[in-house]
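J.: Sequence:
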Amino acid sequence: MRSSFFPQSRFLTTRYGFPVPPSEVVMTCGSSSGICMSLETFGTPECRLYLEDPTYFIFPAIIKSVHIGTGPNTTTLPSDEYGLCVEALETRLVSTTPSNQTRDLLYCIPAHHNPTACTLSTHRRARLVLLARKYGLTLICDEPYQLLDWSTEPLPRAMRFFDTLDDAVLADLAARTRDGDEVGAAALVSAIASPNAAHTTTTTTAATTTTTTTAAASTSTTPPPVVVSLGSFSKILAPGLRMGWLHAHPALVDRFERHGLLWSGGGLNPMGCYLCTQMITDGTLDRTLAHLCTVYRARSQALCQALREYFPAGTLHFREPSGGYFVWVRFPEWCQVEAMCGYVPPAGEAPPDQLVGGPCTSQNGWGVAVRSGATCTISGKHFGTWARMCFAFYGEEEIRWGVRRLAALYRRYKEHMHM
192 MRSSFFPQSR FLTTRYGFPV PPSEVVMTCG SSSGICMSLE TFGTPECRLY LEDPTYFIFP
252 AIIKSVHIGT GPNTTTLPSD EYGLCVEALE TRLVSTTPSN QTRDLLYCIP AHHNPTACTL
312 STHRRARLVL LARKYGLTLI CDEPYQLLDW STEPLPRAMR FFDTLDDAVL ADLAARTRDG
372 DEVGAAALVS AIASPNAAHT TTTTTAATTT TTTTAAASTS TTPPPVVVSL GSFSKILAPG
432 LRMGWLHAHP ALVDRFERHG LLWSGGGLNP MGCYLCTQMI TDGTLDRTLA HLCTVYRARS
492 QALCQALREY FPAGTLHFRE PSGGYFVWVR FPEWCQVEAM CGYVPPAGEA PPDQLVGGPC
552 TSQNGWGVAV RSGATCTISG KHFGTWARMC FAFYGEEEIR WGVRRLAALY RRYKEHMHM
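According to this note's numbering, the sequence shown is numbered sequentially starting from 192.
None of these hints come from the bench; they were simulated from the model. Note that CB positions come from ideal geometry on N, CA and C, so glycine has one too. Please note that a few of the clues may not be correct.
Estimated spans, in silico, between C-beta atoms of each pair [stated by the list, open to error]: (1) F197 - R602: 53 to 61 Å; (2) V535 - R201: 50 to 58 Å; (3) R602 - G458: 52 to 60 Å; (4) G505 - M462: 46 to 54 Å; (5) M608 - K255: 28 to 36 Å.
Generate the whole structure from the sequences, applying the supplied hints.
T.: Here you go:
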């Protein structure tokens, strides 16, 4: 099944900056397909599921569909500008009785998070893999935005890279890095990945003078793999293809390929896989990805500029993204975003202008809506004053008009609330 994945393997090796052999890749029907099948492959109805709060808004529906990690088995964890708070995870793991029957799962979005747009730091990535090995977690890492990056600082490597390092190297990396210094972290990672480094990425750390016999013996102590990385051609090529990939150690790929859906069909979406292969081979994907990063950067800047321009100073709080699809925006404490978007201005009151591209429908009749942060949680009770704003679909001018109309709706809603 994997013999046809050489173009995908070469593409990922070039883009990720570390070797991705075909034996570590299997095609999926996009990230959501990969998430469902990973939960079914590596989880059980009894396993615990840890996840960030907030998270991908469809993920709660996915775990209900597959009956894995629901109800009391779900534990949400906080995050900040550097991603998942690993300390909070460790606190929960220390206080939880280990399960001898099944491996527990953790779902996270490490790069340009949906919805928060934050990226898990190198320091936390190393610590997260160490914790997963220590406490028997399988990490389902949803990484569709890893390649949609235009940051001025180095982006941390994809999570599978950290799973290729032994515990001693990971511990050293965690000790020598810190949140907020990806330049320094990138230099350390480059030294680790160098062919002349004093360790390998498939065995335990060994000095260059270690004998072949000793190195071979140390291989048996290599920790079991814990990272399942999911990517998506839908985000970097064309949504209609519904194609993605799973990237993991061959032992985990073997388990994934025993999923009934793959076993029965011999693969997923062979026509889509063929098209992706051709577009990798002829350079279309590289050109498309470069174009998308340029376009999305301009659109994200247009969105952030419009938010600053049309809303009163100090009203909104957000960080300008350096990749991905989203801006995560906090409104004042009194403003519940879902209620604001559902507010219908008095009859006969027209919006300030017409959206470019013609009319559109929304609950408030003004043709504007944003996703409330409350829909990005398991409980639906938190982040109600936050909004996920996507800049990937509309052009820059449409984004500006949309923000202008949203600001007008906000003013009307504020008057309605007597604030």
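J.: All hints are to be evaluated individually against the structure, with a verdict given for each.
T.: To see whether the hints hold, each was checked on the structure:
With their beta carbons about 57 Å apart, F197 and R602 fall inside the hinted range of 53 to 61 Å. Taken as a hint, the range 50 to 58 Å holds for the pair V535 and R201, whose Cβ atoms sit roughly 54 Å apart. Hint check: R602 to G458, Cβ distance near 54 Å, so the stated range 52 to 60 Å holds. The supplied range of 46 to 54 Å is met by G505 and M462, whose beta-carbon atoms lie about 52 Å from each other.
About 34 Å separates the C-beta atoms of M608 and K255, a value consistent with the hinted range of 28 to 36 Å.
In summary, this structure violates none of the numbered hints.
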